[in-house]
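J.: Sequence:
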Amino acid sequence: MYKRTVLIVEDDLLIRMVLADTLAEEGYDVIEAGNVLEAVAVLGRRKIDAVITDVDMPGGLSGLDLARMISSSDMKVPVIITSGGSIVRPEELPSDAVFMPKPYGMNAISAMVGEMTAAETRKMAS
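First residue of the sequence shown? That's 1 in full-length UniProt numbering, and the numbers climb one at a time after it.
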């Protein structure tokens, strides 16, 4: 059976670790990145089924920038954008991205990943 891969892009190490552990327990292969440039390097060499990214990131590129890069590429990867401080209006989001404000529950974000990856699997099969 194919194991779906989730890329977590989060500069807060504790949040990233807890989220990674939660998703790994749910059966996902999890890859972690601490900023957008690390995420882009991963996206260039691995098949990713979903991305979870924080908005505010070090290094000059935001999670919204990452979501827009993914959306404008040939990769059809759903993105969950999170933030505890930045307000993201729906019109700022690419069409294949959703926003979840922090603090989010681990069950809620895990369920969202499950829904998004299942939807992508259905799209690829049709």
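Warning: the hint list may mix true and false statements.
Said to hold, decoys possible - Taking CB as the label site, the calculated pair distances span:
| hint | residue 1 | residue 2 | range |
| --- | --- | --- | --- |
| 1 | R89 | D29 | 17 to 27 Å |
| 2 | E91 | G27 | 15 to 25 Å |
| 3 | R89 | G27 | 31 to 41 Å |
| 4 | S73 | V98 | 11 to 21 Å |
Since the hints were made in silico from the structure, they are not lab data.
Just so you know, even glycine gets a beta-carbon here, dropped at the ideal spot from N, CA and C.
J.: Check each numbered hint against the structure and report the violated ones by number, ascending.
T.: Numbers 1, 2, in rising order.
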